[in-house]
Amino acid sequence: MIVEDNAMPASTPENSLPEPAPATRPEAPPAAALLPKPDPRSPGGWRGVAHSFAESKLGLIGAAILLLAVGFCYLGPLFYRTDQLSVDVLNSFLPPGGGYPLGTDDQGFDVLGRIMLGGQASLEIGLLAALIATVIGTLYGAIAGLAGGVLDSVMMRIVDILMSVPFLFIVLIVATRFSSTVLSLSLVLGLFAWLMPARLVRGEVLVLRTREFVIAVKGMGGSRWRTISRHLVPNALGVIVVNVTFQVADAILAVATLGFLGFGLYFPQTDWGGQLSGGVSHLLDGYWWLIYPVAICLIGVVMALNFVGDALRDAVDVRLRRR
Amino acid sequence: MPPTTPPAVAVARTRENTVDPVLEVTSLSAGLVKGSTVQPILTDVNLQLGAGQTLGIVGESGSGKSMTGLAVMGLLPKGVTVTGGSIRFRGTELADLAEADYCRLRGKDIAMVFQDSLTALNPTRTIGRQVAEPAELHLGLGRAAALSRATELLGLVGVPRPAERLAAYPHELSGGLRQRVMIAMALVCEPSLLIADEPTTALDVTIQAQILELLDDLRGQLGMAMMLITHDMGVVAGHTERVGVMYGGSIVETADTARLFQRTRHPYTAALLGSIPRLDSDRSVELDSIPGAPPELGDHRVGCSFADRCTRAQPRCREQTPELDLADPEHAFACWNPEPETAPAAAGPVPIELSVRTDASAPLVSSVPAASSVPAAWSVTSSPPVIELRELRKEYPLGRRLLPGREVRTVKAVSGVSLQVRAGETFGLVGESGCGKSTLGRMVVALEDASAGAVLLEGSDLSRMSRTELRRRRRDLQLMFQDSFDSLDPHLTVSESLAEPLEIQRQGSAADRTERVGQLLDEIGLPRSAASRYPHELSGGQRQRVGLARALALNPKVIVADEPVSALDVSIRSQILNLMRRTQREHGTTYIVISHDLTVVRYIADRIGVMYLGVLVETGTSDEVYDTPAHPYTAGLIAAIPVPDPRVAREKERALVRGELPSPVDPPSGCRFRTRCPLAQDRCAEVEPPLREFGGTHQAACHFPLIDPVA
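Chains as they are written, first to last, in the numbering used here: chain Y, 1 to 323; chain X, 1001 to 1711.
Next comes chain Y alone, as it looks inside the complex (with noise of 0.2 Å):
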């Protein structure tokens, strides 16, 4: 916190305040003088709530190792080259070993590079996915949150008839008709994942209503605009952001998938779910380098961003409840 303890006038002892001047300064009160010590672990705002995940174990170690499987996945073949292009049929199914750290592929391409270039892929169409279901998802419920009413429960109907459509079903039929690039997959993935955070903004914009800070707005004569651009959305951006981590993590996974069902990217593009599926088929001849490092590395990605997004929300709710 920014207060420093010599800014305030403790070094009066607050109980000598009120004795001599009955009337000259009937405003000062003595009774409030000393603010509280700021709690040095929980300043305010969104600098309190970076405080408050700092102190998540967990959190910190899924923060590490999404660092760490970013820079894997990005800068790792700047350092590490590989050629994940041409089919070195000759050089298939080789044991980690020699020149090939973990071995290759049935196309006797490098694991670990293949891995790093899956990685890409799997990243960048989860987080496209994800940004585009919560811009989507937040507009929804918050509209429909606002507006309230009738528009309220049609919208939310609309929601509940989505939710029941079986979404791998429409997803694959969708991914067969168009090609599979990172931007389609993150369209597909993305349009189908609003639903949860449509519900979750509705639900948090409906009870941001009616507190009273929003209605002492009201009260002082602001404008609706005033009222969400400046106490609806900070409000609620806090679960917004713990929102996206999950659901990020949910894209990876979705697009893990289809790769796996055979619906994900086209070669020689690939994703983690790509190499699994293709890993899968030759399980039973021990080629365990196929399915280990990238499962590994796909479980640990999706662990980190639970772990994240765990300790954001309960950063998040501290700063909401401290009270």
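Think of the hints as simulated: they come from the structure by calculation, not from any bench.
Even glycine gets a Cβ: it sits at the ideal position worked out from N, Cα and C.
One or more hints might be untrue.
Listed below are the simulated EDC-like cross-link pairs for lysine to aspartate or glutamate, each with C-alpha atoms no more than 16 Å apart in a straight line [unchecked claim]:
no. : chain 1 : residue 1 : chain 2 : residue 2
1   : X       : K1557     : X       : E1458
2   : Y       : K218      : X       : E1448
3   : Y       : K218      : X       : D1476
4   : X       : K1557     : X       : D1597
5   : X       : K1078     : X       : E1099
6   : X       : K1108     : X       : E1190
7   : Y       : K57       : Y       : D310
8   : X       : K1557     : X       : D1476
9   : X       : K1108     : X       : E1136
10  : X       : K1078     : X       : D1116
11  : Y       : K218      : X       : D1449
12  : Y       : K218      : X       : D1486
13  : Y       : K57       : Y       : D314
14  : X       : K1557     : X       : E1388
15  : X       : K1034     : X       : D1299
16  : Y       : K218      : X       : E1503
17  : Y       : K218      : X       : E1190
A few chain X residues that don't get close to chain Y, going by computed Cβ distances all over 10 Å [unchecked claim]:
no. : residue
18  : D1109
19  : Q1115
20  : L1137
21  : H1331
22  : V1411
23  : R1513
Simulated coverage check for chain Y against chain X, where a stretch passes if three residues somewhere in it have a Cβ under 8 Å from a Cβ of chain X [stated by the list, open to error]:
no. : region
24  : 70-78
25  : 230-242
Add chain X to chain Y, keeping to what the hints say.
Showing chain X alone in chain Y's frame:
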């Protein structure tokens, strides 16, 4: 026992029972264990409680009073453990009792009544099953026998038609009835110790009086000991034989109730008693107030925990922790420099704070005369009204109308209220929860639209204003909220919150606004450095000051304060009340103060309106209304207020207003109060009584008023 003690019945009983106490807590300490460190929560708590006796534990939030109750129940929250001392219950040591043995004890020999009956009862089970459960568990009764026992108990605690209520779920009952059910549940096995943790805090005064009376009666009938945990000195004065005052996790003073109130020795107890507004306190004098805020639970420091707020503090108080001096078990206190012992005041309705104030050498925060403006405020009768309500009504539809033509039932929150509030005046609005007072307040500041009637601000109708006009005029109408935590945006700093009304109303440049925020902080007694704080970094009292400052920021003509001090600790309330009065004097603001607390309204308001079920039943100056109430409801409300003076409290009549508030969906015909009125006659059901004149400004709507009307 010294012979000087007045031979009250209660005291005599104490002597008998000290021989064989039901509960004996000796130097009990408890703490929150964090790794290898222990954060103390209770330190050296000593209590004694005899059979048939009631021990009051009073304290503000964070004083450890609830923790003490939970420690005896063996229900301390996770992480908190007993670190020393003993809890002896009828010869059994509880401090290190195994959980299995505790289970046999809890609910059978020791039972607890919680504050919030809605969360303490299981919403998915009928009350019959819940009341019968302890009987099945501990007494080994069969299902049918247990249910009949439950019926018996529900009858005992005053639930009407108990057999029919067995199948009811908790949400189907009113708050007062639920509290009775909880008491029945606690009493099923006839425990020898009942711990009641703030049993009436969530209830209205009229219900509170009934529940406390019930607990007193039951204690006598069943011969059990009771531990009454509360923050209300008035409740303690009227319903306990012995009191322990807690502060910062320890007992700071304990004595017989009569003695504690008459010969208060600990400065905290004295200051607390002085800061409570009372019906008979002099309104022209500011309330005493205790500076600062009580320490939070576990916030431990060297020396006396009250030293920072104490006017009698000496250097020693900050270095050595005073211990409860048990040399005189009749009256023990933990203080290095106690209030001087005074002779017991002569019997009679002499307010206690006089005995405290006679000590002129160390007045507890000077009692500033509240200037001459208070009597003057009432000479403004001739000035035009700032706010005028004309036959104001508000009805909320129940559910949505699906088919046209079908009658929609409505909740009649406000049913035709007319009144005028003049400039510079404070109008107090009192009534039980659900009487429509908050709805009325929100209509005055145009946060709710009236269903019928009009709110006139300086003669112009709020509902006829255009949107932009209304938006501009809102600067004259501000609302101060009850919950200062909810009313301040947690993401905005104090200065951002205070500047917001100025920004919205486009007042001044950014620099002007910063200057104004500084002024406001000076005015409410917060250091300017508070501007960069977030709400959660302030104490409850400080937040409520910020709430007041925000309401003052635009220099409004009218401030509606909805329960401004209800959420605050007793020692903080007087700070805020004094501040509200002080700012009003300086700015000539008109206040409409809404509260369920009659003493608060009595202290702050020049004129008072009493609401019952959406209608104004009595109005007049606060002296007129409190000294000579005309409406039986007003008289009942006044009688129900717990007075922090055992002599007055014990002589009080039993609760005058019985039963509970009828549903505002179908209010009774004629006079709405008739269903609970001891004076009701046939005519009350047929004709709605009009407001009648009782001299001066005094008006009341009653067919059979307690005083004679004028003409």
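Handout entry: Unmet hints by their number, sorted upward, for this structure
Key = 4, 10, 17, 24
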